[in-house]
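*Asks:* Chain by chain, the residues:
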Amino acid sequence: MRIRTLLAITAFAGLAPWAQAAGFTLTSPDIKPNSMIDKKFEANVFGCSGENKSPALKWSGAPKGTKSFAVTVYDPDAPTGSGFWHWFVINIPANVDELKPDAGNASNANLPPGAKQVRIDYGFAAWGGPCPPEGDKPHRYIFTVYALKTDKLDLPADASAAVAGFMTNANQIGKASFTAKYGRPKQK
Amino acid sequence: MTDNSAFTLASPDIRTDAPIDAKFEFDGFGCSGENKSPALKWSGAPKDTKSFAVTVYDPDAPTGSGWWHWFVVNIPREVNELKANAGAEGGANLPKGAMQVRNDYGSAAWGGVCPPEGDPPHRYVFTVFALKTDKLELPPGASPALAGFMVNANAIGNASFTAKYGRSKK
Chain S
271 MRIRTLLAIT AFAGLAPWAQ AAGFTLTSPD IKPNSMIDKK FEANVFGCSG
321 ENKSPALKWS GAPKGTKSFA VTVYDPDAPT GSGFWHWFVI NIPANVDELK
371 PDAGNASNAN LPPGAKQVRI DYGFAAWGGP CPPEGDKPHR YIFTVYALKT
421 DKLDLPADAS AAVAGFMTNA NQIGKASFTA KYGRPKQK
Chain Y
13 MTDNSAFTLA SPDIRTDAPI DAKFEFDGFG CSGENKSPAL KWSGAPKDTK
63 SFAVTVYDPD APTGSGWWHW FVVNIPREVN ELKANAGAEG GANLPKGAMQ
113 VRNDYGSAAW GGVCPPEGDP PHRYVFTVFA LKTDKLELPP GASPALAGFM
163 VNANAIGNAS FTAKYGRSKK
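Protein chains in written order, with our numbering: chain S, 271 to 458; chain Y, 13 to 182.
Warning: the hint list may mix true and false statements.
[As the list claims (entries may be wrong)] With a Cα cut of at most 27 Å, we get these calculated BS3-like pairs of lysine-lysine:
#1 S:LYS451 <-> S:LYS328
#2 S:LYS370 <-> S:LYS419
#3 S:LYS309 <-> S:LYS370
#4 Y:LYS144 <-> S:LYS456
#5 S:LYS328 <-> S:LYS456
#6 S:LYS309 <-> S:LYS456
#7 Y:LYS144 <-> Y:LYS95
#8 Y:LYS95 <-> Y:LYS182
#9 S:LYS407 <-> Y:LYS144
#10 S:LYS302 <-> S:LYS370
#11 Y:LYS95 <-> S:LYS419
#12 S:LYS323 <-> S:LYS370
#13 S:LYS419 <-> Y:LYS147
#14 S:LYS451 <-> S:LYS407
#15 S:LYS456 <-> Y:LYS108
Hints listed in this document are in silico derivations from the structure and should not be mistaken for laboratory results.
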C-alpha cells in the first residue's frame with residue numbers, strides 16, 4: 271500500500287519542516303478575515319439550514335518548488351474532542367491559484383481537474399458548512415492552503431481527514447491561512 | 013453538569029508514570045506491535061449513568077486534529093471494565109451491546125499507538141464517559157468527531173488518565 275510506504279518514509283525522515291512562506295497569502299472574496307461568515311455557507315444537515323456552498327478562495331505567493339496544493343477548513347472550537355474538519359481538498363495542481371464558489375459540491379464537478387475531496391467529519395467528501403451548536407460562542411473557522419512538495423497524495427479511498435492532515439503536514443513546504451467566525455443564536 | 017468526584021479510570025496494563033508497552037503498538041503504517049487494546053477498569057460513576065463510552069486520543073499527532081485511536085460507545089451501565097483485546101475488529105470481545113466507532117486509521121477497532129519515529133513521546137488520553145442516555149444513535153460510518161460531539165452532549169461525568177509512547181529514530 272502506497273500510504274504505508276509514504277508514512278514509513280515520513281517517519282524515517284522525522285518531522286517535516288513547518289515552513290511559513292513569507293509572501294504566501296490566502297483570501298476569499300466572500301469572507302473577510304476575522305469577520306462573521308455569511309449564513310449561505312452554513313451546512314444543511316444536523317439542524318442547520320444554509321445553502322452549504324463553499325466560498326471562493328484565492329491564493330498567491332506560493333513557494334518555488336510547489337508541486338500541488340491542499341486546502342482545508344477546520345473548526346478548533348467544535349465540542350468533539352478533536353475539533354471538526356469542514357473541508358479537505360488535495361491534489362490541486364500547482365498551476366491553480368483558486369477554488370471557485372461551490373467548488374466543494376459533492377458532485378466534484380466544480381473542482382480543478384485532478385483535485386480530490388477527502389471525507390470530512392460529517393462523513394461525506396465535500397464542503398460541509400459551519401453548523402456550531404445554537405447558543406455557543408461563535409466558533410473559529412480556519413481556512414488554510416498548503417503548498418506541497420509532491421504532486422499527488424496517494425490516500426486510501428476512504429481515508430480520514432486526520433490521515434490526510436498527517437500526509438499534508440508531512441509534505442508541506444509552506445502554508446497560508448485566515449480565520450473567520452460563525453455562530454448561531456439560541457432559538458426561543 | 014458533570015460530577016467527577018469519585019469517578020476513576022485505570023488500566024492493569026498501563027502505568028501513567030511509565031511508557032506504554034510496545035505490544036499495544038499498531039501493526040501497520042510502519043509500526044509492528046500486537047495492536048491489542050489494554051484492559052480498562054472504572055469505578056465511582058455518577059448514579060444516573062445510563063451507558064458508558066471509552067475513548068483513546070493522541071492530542072500530539074501532527075494531523076491538525078490529533079488522532080482517535082479507539083472509540084467505544086453504548087457500553088451498558090452495569091459494565092465497569094473492558095477486557096484485554098476488547099478492541100479486536102468485529103467486536104467479539106466487547107460487552108454485549110457495545111459498539112466501536114471508526115477510528116482515524118479507518119477501522120472500527122482498537123488502532124494502537126504509532127507516533128512518528130523521533131517525535132517526542134506523544135500523550136495518549138484514555139477516557140471513560142458516563143452518559144445520560146443508554147444508546148447513542150450514530151449513522152453507520154460516523155466519524156469519531158461526530159461521536160465525540162454526541163458523547164460530550166450526553167456526558168454527566170468522565171474520568172481519564174494519560175500515558176505516553178514514543179518510537180526512537182532508527
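*Asks:* Regarding the pair LYS407 (chain S) and LYS144 (chain Y), is the alpha-carbon distance no greater than 27 Å?
*Replies:* 24 Å, holds
*Asks:* Could you grab the alpha-carbon distance between LYS144 (chain Y) and LYS456 (chain S) and see if it respects the 27 Å cut-off?
*Replies:* 23 Å, holds
*Asks:* Within 27 Å, alpha carbon to alpha carbon, are LYS451 (chain S) and LYS328 (chain S)?
*Replies:* 19 Å, holds
*Asks:* Is LYS451 (chain S) close enough to LYS407 (chain S), meaning Cα to Cα at most 27 Å?
*Replies:* At roughly 10 Å apart (the allowed maximum being 27 Å), LYS407 (chain S) and LYS451 (chain S) satisfy the hint.
*Asks:* For the pair we were handed, LYS328 (chain S) and LYS456 (chain S), check the Cα-Cα distance against 27 Å.
*Replies:* 33 Å, violated
*Asks:* With the threshold set at 27 Å, check whether the alpha-carbon distance from LYS323 (chain S) to LYS370 (chain S) stays at or below it.
*Replies:* 10 Å, holds
*Asks:* Between the alpha carbons of LYS95 (chain Y) and LYS419 (chain S), is the straight-line distance 27 Å or under?
*Replies:* 44 Å, violated
*Asks:* Take a quick look at whether LYS419 (chain S) and LYS147 (chain Y) sit within 27 Å of each other, Cα to Cα.
*Replies:* 45 Å, violated
*Asks:* Under the criterion that the straight-line Cα-Cα distance not exceed 27 Å, is the pair LYS456 (chain S), LYS108 (chain Y) satisfied?
*Replies:* 38 Å, violated
*Asks:* Assess, step by step, whether the Cα of LYS309 (chain S) is no farther than 27 Å from the Cα of LYS456 (chain S), and give holds or violated.
*Replies:* 15 Å, holds
*Asks:* Checking one constraint from the list: CA of LYS95 (chain Y) to CA of LYS182 (chain Y), max 27 Å. Satisfied?
*Replies:* 33 Å, violated
*Asks:* Checking one constraint from the list: CA of LYS309 (chain S) to CA of LYS370 (chain S), max 27 Å. Satisfied?
*Replies:* Holds, because 18 Å separates the two Cα atoms, which is no more than 27 Å.
Hints 5, 8, 11, 13 and 15, counting from the list given before, are not met by this structure.
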